[in-house]
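These protein sequences, in sequence, are chains L and A. The numbering of the first sequence is the working numbering, which starts it at 9 and goes up by one. The numbering of the second sequence is the working numbering, which starts it at 7 and goes up by one.
Where hints are given, some of them may not hold.
[As the list claims (entries may be wrong)] Here are the simulated distance ranges between beta carbons: (1) L:Gln38 - A:Glu125: 32 to 38 angstroms; (2) L:Ala119 - A:Gly64: 42 to 48 angstroms; (3) L:Ile96 - A:Asp11: 23 to 29 angstroms; (4) A:Met76 - L:Glu123: 47 to 53 angstroms.
[Unchecked claim] Short derived list, chain A residues pointing at chain L, Cβ under 8 angstroms: (5) Val24; (6) Asp100; (7) Arg117.
Treat the hints as calculated values from the structure; they're not laboratory data. On a predicted model such as this, the values are computed, not experimentally measured, just so you know. Ideal placement from N, C-alpha and C gives every residue a C-beta, glycine not left out.
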Amino acid sequence: MEKIPILRMGRFLLVTIQIDMHDRLALQLQDDLTDRIVKDRAHGVLIDISSLEVVDSFIGRMISNIAAMASVLDARTVVVGMQPAVAITLVELGLSLDGVRTALNVDKGMALLREEVEAAGRV
Amino acid sequence: MTVVDRSVQPIQSPEDVVRVRQVARERAVAQGFSLVDQTKLVTAASELARNTLEYGGGGEVSIEVLNDGMRKGVRLTFADKGPGIADLDLALKDGYTTGGGLGLGLSGARRLSNEFSIESKPGEGTRVAITRWR
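Construct all of the structure, not just a fragment, from the sequences and the given hints.
What follows is the structure in structure tokens.
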């Protein structure tokens, strides 16, 4: 069965979405990530969406859900690499990704995650 | 206005929704749409294809390539024989949903399109057409 791989980097989990996901796959990723946050005692999740050419309301909701679930499990989430055309479309669609931290690229996202985790006193 | 090409895609599974996105993208690229215009059309197509599947119980989309003098466009017409929509004004409101979604599908697709029309009869089905011009 196809799956989006979740990589562990120290205290963080890294997900790079490189395919056009159908809805079941997106839900699967949501479940897998929540499991892994607990299993790996992760402090943060970095989601790289630079290869995603479309973020519709379903994928947008999945991203918000992941951030909310991670937060309840005491982990921070940062989404990186959103393409400009995707950002323009998301806003026009009416989606604001409330509660989701974003950064321009993986480097900046990792720096932001570290800051957030340190600020939360989880060093 | 002339319809240069017309094809029909089934919408019966989540994988079909992905295919609708891909075909809409191909047509938009062939018509010379900018990346932003492509993305808007494909995102609107994704919302409406999902509605056809989730609320209409499946259906199909007709994808038309349009030429109108200097203008080039793509028209997508989604049709299902599902339960229909009793109150269209309410269904087009941001945030209104009868399912588990965000209620942005119809209203968002309308904002992302240049032309939008919807017809629905309770018990007979729903037909939504969107056009985006280059």
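Now the hints, each set against the structure:
no., hint, verdict
1, L:Gln38 - A:Glu125: 32 to 38 angstroms, "holds (35 angstroms)"
2, L:Ala119 - A:Gly64: 42 to 48 angstroms, "holds (46 angstroms)"
3, L:Ile96 - A:Asp11: 23 to 29 angstroms, "holds (27 angstroms)"
4, A:Met76 - L:Glu123: 47 to 53 angstroms, "holds (51 angstroms)"
5, Val24, "holds (5 angstroms)"
6, Asp100, "holds (6 angstroms)"
7, Arg117, "holds (5 angstroms)"
The structure shown violates none of the earlier numbered hints.
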